[in-house]
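Once you have looked at the hints, place chain P on chain U.
Taken in sequence, the protein lines are chains U and P. Residue 8 is where the first sequence starts when you use the numbering used here, and the numbers rise one by one after that. Residue -11 is where the second sequence starts when you use the numbering used here, and the numbers rise one by one after that.
Worth double-checking, as some hints may not be accurate.
[Said to hold, decoys possible] Quick list of in silico lysine-lysine cross-link-like pairs, DSBU-like style, CA-CA up to 35 Å:
1. U:K12 x P:K18
2. U:K44 x P:K18
3. U:K44 x P:K40
4. P:K40 x U:K61
5. U:K63 x U:K75
6. P:K18 x U:K78
7. U:K61 x U:K120
8. U:K75 x P:K1
9. U:K12 x U:K44
10. U:K61 x U:K75
11. U:K12 x U:K63
12. U:K120 x U:K78
13. U:K75 x U:K120
14. U:K75 x U:K44
15. U:K12 x P:K40
16. U:K75 x U:K12
17. P:K18 x U:K61
18. U:K63 x P:K1
19. U:K61 x P:K1
20. U:K44 x U:K120
21. U:K44 x P:K1
Treat the hints as calculated values from the structure; they're not laboratory data.
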Amino acid sequence: DQQVKQNSPSLSVQEGRISILNCDYTNSMFDYFLWYKKYPAEGPTFLISISSIKDKNEDGRFTVFLNKSAKHLSLHIVPSQPGDSAVYFCAASAVMEYGNKLVFGAGTILRVKS
Amino acid sequence: DAGVTQSPTHLIKTRGQQVTLRCSPISGHKSVSWYQQVLGQGPQFIFQYYEKEERGRGNFPDRFSARQFPNYSSELNVNALLLGDSALYLCASSLAGGYGYTFGSGTRLTVV
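Just chain U, same shape as in the assembly (with noise of 0.2 Å):
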């Protein structure tokens, strides 16, 4: 079962506009979420987080929305630059019995044109 979901497999954006990717996912007891940003050949980079408690998250020009009523959350990238241009997997903390995981999406590839 694909508790967290991307549906868009794919995004692309103009440089210097903004890129919106989107996750939503089943289980409310998921208590933090994290977007990882992942080159070819590298593995997936930690770019931001946000707490169920909260539902606004902002770094530079990354900023991550939270509506849990909704069980969606969304990455806004404000201006987009070609750098950008990655997989991003968003991925929510699940609580296990004596440990945590994380339960990932299955990516979005944004491209961002110059």
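Positioned in the frame of chain U, the structure of chain P alone reads:
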């Protein structure tokens, strides 16, 4: 500072063989997790270890096993390899199994 290091970078194995993948966490990090990323999908959780003890296991068959050593490095073993085991295997470390995961670059395993 060295990040999470994984070895080998690439590996080609034949069906039925066994493979061992290695991970060294960031210095000071006591928790290591393993993830499998199949092409076109997001990483899937395999194991989490903290202080040398297994803290969680994902929905993977018993052919998959892991362990963590006293220096907090870890090995992932996969027995009786199947073609479907071909994937990028990612190791992530964190201070105490919390949210601050740092991933390595992964080991690309190809089973032929």
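Given the hinted pair K44 (chain U) and K40 (chain P), is their alpha-carbon gap at most 35 Å? 29 Å, holds
Tell me if the straight-line CA distance from K75 (chain U) to K12 (chain U) falls inside 35 Å. Cα-Cα ~15 Å, so holds.
Can you confirm whether the C-alpha distance between K12 (chain U) and K44 (chain U) stays at or below 35 Å? Holds, because 16 Å separates the two Cα atoms, which is no more than 35 Å.
K75 (chain U) and K1 (chain P) were given as a pair; does the straight-line alpha-carbon distance stay at or below 35 Å? 44 Å, violated
Taken at face value, is the distance from the CA of K40 (chain P) to the CA of K12 (chain U) at most 35 Å? 32 Å, holds
Checking one constraint from the list: CA of K44 (chain U) to CA of K18 (chain P), max 35 Å. Satisfied? The hint holds at about 24 Å.
Within a Cα-Cα threshold of 35 Å, do K63 (chain U) and K75 (chain U) meet the stated pairing? Holds - the C-alpha atoms of K75 (chain U) and K63 (chain U) are around 11 Å apart, at most 35 Å.
For the pair supplied as a hint, K61 (chain U) and K1 (chain P), is the alpha-carbon distance within the 35 Å limit? 46 Å, violated
K61 (chain U) and K75 (chain U) were given as a pair; does the straight-line alpha-carbon distance stay at or below 35 Å? 9 Å, holds
For a C-alpha distance cap of 35 Å, please report whether K40 (chain P) and K61 (chain U) respect it. 34 Å, holds
Distance restraint between K44 (chain U) and K120 (chain U), which requires alpha-carbon spacing of 35 Å or less: The hint holds at about 17 Å.
Measure nothing beyond the straight line between the CA atoms of K44 (chain U) and K1 (chain P); if it is 35 Å or shorter, mark the hint as holding. 29 Å, holds
Hints 8, 18 and 19 from the list above are not met by this structure, while the remaining hints are.
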